[in-house]
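S.K.: Below, each chain spelled out in residue letters.
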Amino acid sequence: MSDDIYREIILDHYRNPRNKGKMANPDVSIHDSNPLCGDEIDIHLKVDGDKIKDIKFEGRGCAISQASASMLTEMVAGKPLTSIKDLTKDDILENIGLTNLGPARIKCALLSLKVLKLGMVQYYANKDPASAKKLQDDSKGL
Amino acid sequence: MMQKGALNVQKIREDFPILKRKMSGGKQLVYLDNAATTQKPLAVIDSIHDYYMNYNSNIHRAVHQMAEEATLAFETTREKVAKFINARSIEEIIFTRNATEALNLVAYSWGRANIKKDDKVVITEIEHHSNIVPWQILTTEKNAKLEYIGVDDDGYLKMNEYKKHLDSNKVKLVSVTHMSNVLGTIVPVNDIIKMSHEKGIPVLIDGAQSVPHMQVDVQKMDCDFMAFSAHKMLGPTGVGILYVKKEILEKMPPFLGGGDMIKEVHKYETRYNDLPYKFEGGTPNIADVIGFSAAIDYLNNIGMDRVREHEIELTKYAIDRITGVKGVTLYGPRNTKDRGGVVSFNIGDIHPHDLATIMNDHGIAIRSGHHCAQVLMERLDVSATSRASFYIYNTKEEIDKFIDALDEARRLFKI
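Top to bottom, those sequences are chains A and B. Residues 1 to 142 in this note's numbering are what the first sequence lists, from first letter to last. Residues 1 to 415 in this note's numbering are what the second sequence lists, from first letter to last.
Source of the hints: derived by calculation from the structure; they are not laboratory data. Some hints could be false.
Derived DSS-like pairs: lysine-lysine, alpha-carbon spacing no greater than 30 Å straight-line [to be verified]: (1) B/Lys-414 / A/Lys-22; (2) B/Lys-414 / A/Lys-20; (3) B/Lys-414 / A/Lys-107; (4) B/Lys-172 / B/Lys-199; (5) A/Lys-51 / A/Lys-134; (6) B/Lys-80 / B/Lys-245; (7) B/Lys-80 / B/Lys-267; (8) B/Lys-251 / B/Lys-267; (9) B/Lys-220 / A/Lys-56; (10) A/Lys-107 / A/Lys-133; (11) A/Lys-140 / A/Lys-46; (12) B/Lys-22 / A/Lys-107; (13) A/Lys-20 / A/Lys-89; (14) B/Lys-414 / B/Lys-194; (15) B/Lys-83 / B/Lys-251; (16) B/Lys-251 / B/Lys-11; (17) A/Lys-79 / A/Lys-133; (18) A/Lys-107 / B/Lys-401; (19) B/Lys-27 / A/Lys-107; (20) A/Lys-85 / A/Lys-127; (21) B/Lys-326 / A/Lys-20; (22) B/Lys-11 / B/Lys-22.
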């Protein structure tokens with residue numbers, strides 16, 4: 001099973017994360033952690049109109065959580081905000097090619113999506129309370 | 001009758017049905033997470049079963065036959081616990097849910113009555129969260145201070161820092177672990193207690209990792225409080241033990257109010273029960289306390305000195321083998337005389353949770369994470385470690401399998 005998890009692409013994103021680092025003057029910055037593992041992810045966003053103009057993440061933790069965050073940033077950069085609203089956990093698991101994780105490790109894979117959704121909650125809080133509420137509910141299921 | 005010589009591990013393993021279990025992929029279980037909880041011998045499982053099948057009753061009150069049988073079995077465990085750690089009497093043995101609750105009992109009862117503004121409580125950087133958070137809560141509430149004894153790079157406490165704290169003359173309690181659940185460090189509790197007592201300061205020992213693995217004598221050690229857990233020493237979950245010197249216990253206010261801890265209750269006042277019952281409000285975990293009795297018998301039958309010798313041998317073997325693996329960083333004292341059967345490490349840039357997943361493929365159960373010791377993780381400047389921990393049923397062959405799995409992890413991560 002580990003051979004299926006720790007594939008070249010996961011190790012590559014773990015060791016050479018994309019879009020990793022700080023961001024000057026982000027529109028949204030949000031942090032969360034996984035108490036089970038101690039994985040931590042920060043996501044910073046710059047929003048331009050209806051699009052994600054720039055995204056960066058910071059974090060530390062296992063290969064699954066960090067590779068997943070790196071791949072998520074590539075997935076959503078430049079995309080419309082509405083597409084993030086609709087992202088599901090299956091989208092993420094398919095994106096990273098790990099559809100067979102057990103209940104403990106799946107939390108690692110989904111931490112970055114949770115943080116991203118919480119970031120959008122912050123962004124929509126005043127602008128669009130209904131969307132903020134939906135995103136908040138989504139994030140609870142992750 | 002106590003046995004002599006090296007443990008007959010193969011015979012011991014037959015007493016633990018779970019060790020025959022095959023894990024997913026058909027691999028034989030290799031259980032190396034004993035610092036978290038140990039497995040239970042059949043005698044313990046049978047004893048709980050027997051209670052529920054044959055004499056399930058509430059204790060201490062009813063006069064029917066089953067209640068008498070249950071009370072007797074429950075109180076017999078208390079006697080065995082008192083003897084096991086050489087307490088003066090059963091009045092000094094309080095049953096709680098776990099070691100955490102035992103530590104909290106001291107903080108809430110003794111602590112609230114004795115810790116005042118600007119007083120200091122001294123703990124160490126190697127404590128489990130259960131011996132940190134209750135003191136943070138207490139010292140915050142009382143505007144008192146929480147101070148730490150640091151740990152050096154080899155995993156030993158900085159005793160000069162301890163001496164400095166004591167010299168401040170503000171310390172009202174010292175609370176230290178007897179053995180680190182991460183580094184395995186066996187703390188020089190005798191020295192710590194002696195130095196503290198010279199200043200008239202009481203000492204609480206967290207014995208969760210030591211009482212299961214070595215002979216512990218509370219009178220010889222002269223600690224004032226000691227907390228430990230049944231489930232880390234072959235017993236069931238849900239049973240903790242707090243030992244308190246009787247002269248201290250006599251002055252402590254009650255912890256949980258309710259049934260069983262009282263003598264008389266009137267509209268506006270209560271007369272509390274005798275020791276130790278004053279500190280055991282509500283129906284306790286009767287079945288599991290009774291089950292714990294069988295665990296103590298099992299350990300007594302082996303003899304704690306032999307338990308310790310077996311673990312020293314395994315730990316020495318594990319350290320020898322793991323230091324030969326490329327990329328490994330090992331934490332804690334190298335001298336097995338100063339450490340228990342706990343081996344914490346990191347390997348290359350493999351996160352402990354990834355390593356634990358790879359180990360799991362081989363049927364090997366190890367622990368990964370911060371081990372409820374985030375203060376120590378910060379001190380070591382790591383977010384997590386992997387930990388293998390041993391007990392009486394573990395073998396060198398299992399350590400070999402563990403090393404093979406480490407090599408497999410190195411292959412996957414190309415280290």
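S.K.: Out of the numbered hints, which ones does the structure contradict?
M.R.: 7, 9, 14, 16
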